[in-house]
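**Q** Single-letter residue listing:
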Amino acid sequence: MRDYITFLGRIWLLSWRGSWAYYAWMVLLTVLALVGLRSWSWQIVDGLSATGMTDQVSWGAYIANFTFLVGVAAAAVMLVIPAYVYKVKAMKDVVLFGELMAIAVIVMCLLFVTVDLGRPDRFHHMIPPFGKFNWPISMLSWDVIALNGYLLLNLHICGYLLYSRYNNRQPTKRFYVPVVFIAIVWAISIHTVTAFLYVGLAGRPFWNHPIVAPRFLASAFSAGPALLIITFQAIRRFGGYWIGDEPIFFLRKIITVALMINMFLLGCEVFTEFYSGTYHVASAEYLFFGLHGHDSLVPWIWSAIAMNSIALVMLLSPLTRKLGWLNVACVLLFVGIWIEKGMGLIVPGFVPTPLGDVVEYLPSVNETLICMGIWAAGALMYSWMLHVAIPIMKGELRANPGSD
Amino acid sequence: MTENGQPRTIGEGVKGISRRTFLKGSTASLVGMSGLVAALQPLLKLERGEITLSDLLQKHYKELSPNQMDRIVERLRQKCESEYGVVPNLRDIKPQDGVGFAYALNLTRCVGCRKCAHACIAENNQSRESADDISMSYIRVLELDKGSINLETSDQYYDAETVPREGKYYMPVQCHQCRESPCTKACPVNATWQEADGIVTIDYNWCIGCRYCMAACPYDARRFNWEKPKIEADQINPDQSYLSNRIRPKGVVEKCTFCLHRTREGKYPACMEVCPTGARVFGNILDPDSEINYILRNKRVYILKEDSGTDPRFYYFFDT
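Protein sequences appear in the order of chains V and F.
Position 193 of the first sequence, counted from 1, bears residue number 193 in my numbering, the numbering being contiguous throughout.
Position 77 of the second sequence, counted from 1, bears residue number 481 in my numbering, the numbering being contiguous throughout.
Do not rely on the hints blindly, as some may be mistaken.
[As the list claims (entries may be wrong)] Distance condition first, Cα-Cα at most 30 Å in a straight line; then the derived BS3-like pairs of lysine-lysine:
(1) V/K394 - V/K92
(2) V/K394 - F/K428
(3) V/K132 - F/K428
[To be verified] A short list of chain V residues far from chain F (calculated; beta carbon distances all over 12 Å):
(4) K89
(5) F133
(6) Y176
(7) L266
(8) E269
(9) V335
(10) L362
[Claimed, not checked] Footprint (simulated), chain F over chain V, 3 or more residues, beta carbon under 8 Å:
(11) 31-38
(12) 75-85
Please keep in mind that the hints were generated in silico from the structure rather than gathered at the bench.
By construction, the Cβ of each residue, glycine as well, lies at the ideal position given by its N, Cα and C atoms.
Could you build all of it, start to finish, from the sequences and the hints given here?
**A** Next up, the structure:
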């Protein structure tokens, strides 16, 4: 126990060590996060009228970002599966970076849900025994369990592996390998359950079809690893930890396949909606072409489709065997999926309303600042975790430095 | 960290921290702390009593003892007086035994005058910008083209002065008090539920404002308090109940309750009383002699969005 407190103390001190560049980066993120916090404080005072949401479009940018990020968090399994199931050595070296990212991203998800609440002061109503949790009936209660469970699993895995390394001990397999395998299934489940939040609503035909969950997974497994590819290069450039090209090009294969499946499923969706042309096509029509003169999402969704298509062509060509082009493709598809799965999924679910009213949604400035603050907070958290984890992984921070 | 090519562990380094790190660290934390204070400073503008300890400690509606309920009602009464200048006759009214409410609306008779939507606002203390602002009304009246029931081409914003218009007919929509209610299934904290008489209610003191119920509702029946309700003292209806028309706090969802503060005490809903054409029929479906029972047995009844499997207690019917 005393050793563990010493460990935490050292981590704390280590957090403050770093170059001016490290300080500049962390200060920048902190400032952005605090701007977001201040905007959230205003929102608490003024109510959610500080956002662009209405009774007609009652979810917006918060839930859009939340949905997208659940996918990014789940995508850590694209490192875990090769590392633990197929025992790919190169992946085993970097798997921890993916799991740490999952932690930061899940925290972002929880923050996005929290800022969306009209009564954040009643948060405890979701926590038994203080509250009255509508489990197993409400899909949202499943999602609360899934997300927090995934957070705990990853905290355990990362914490245990890092602490073992710090103590220069070989980690005991039975303390973490079973947890890793649970986490694999759990990762799939967080994104499936998040999809079911929407799929389960019979009153919203745009969401109420079974392809949403598989499509969520496909888009997640391209956007998440794309972010990891860029992160790996940032780590080896600025983090002082060498990551070879092998894991990067391994992930390239994964995102190529996942993006192909995603585009295929999009095609299935578009065909079903437009060929049969029932009343239910209205939302898709709004998204892709505009409805009764309302078309604010149209440029967004077509840019998203263009970005994803260009990224796919690039990934299939030998061009992206060069890191520079690969990065371009990764950025394109990350942004493309962020649009398509964020606003492109959430907003059309509400347009038109179940009674046929068409009301458009545009996030307010305050709402946008809160979103930016949460992204900054996530980046801050991940940077900090890397800053303390890398010296431990490299063996620079040890309980007994002279022992090996 | 290597210095002059000599590997050195941080473990040694962090035993004592350098003056430079100390200075950098303490400056950064100082700036950070003042930034945090600045970020939270808007919270000082929160109204007094907006979040109280007794609110935070309140139990779920179904677990409250009569004594606890009395105290909560007393608190809400005082709050209404201090914030809105009106002492309400506020009480918690329970459902009656042997009663199951249902509502039927005669589409042949409705002329789309929107009097029901206005009566709803006058009765239920919703927020409003002006006396005739019905955006928070629980009733939305749709103007539809004759020849089909296509909600997609409906218009909610038609001019009610000129109704009924040629080639149009009108369909008021409000909470359908579904027996298989998607909203109560969605709620993660059981803040909304179906009562014994079939009315779906919300405890405004328990709702966390996640709005999942609004996404779930196929009838667009739920409204959210995006800000603290605005309502002038002379427009407040003092006849209030805990689960229906008391003035809502900011950040919670509300909806039609079939005016349970009236109907559970033997009166008709406000929207029915005001209807000039007698298009609305309300009553106890369990009473075999009631008019509603007769209509459901003998008329051509239409159920809106029957395909969503909600089995509502709100019906439309045709005379001719």
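**Q** The structure should be examined with respect to each hint, and the outcome stated for every one.
**A** A quick look at each hint next to the structure:
no.	hint	in the structure
1	V/K394 - V/K92	14 Å, holds
2	V/K394 - F/K428	25 Å, holds
3	V/K132 - F/K428	47 Å, violated
4	K89	25 Å, holds
5	F133	7 Å, violated
6	Y176	23 Å, holds
7	L266	22 Å, holds
8	E269	20 Å, holds
9	V335	26 Å, holds
10	L362	15 Å, holds
11	31-38	holds (count 5)
12	75-85	violated (count 0)
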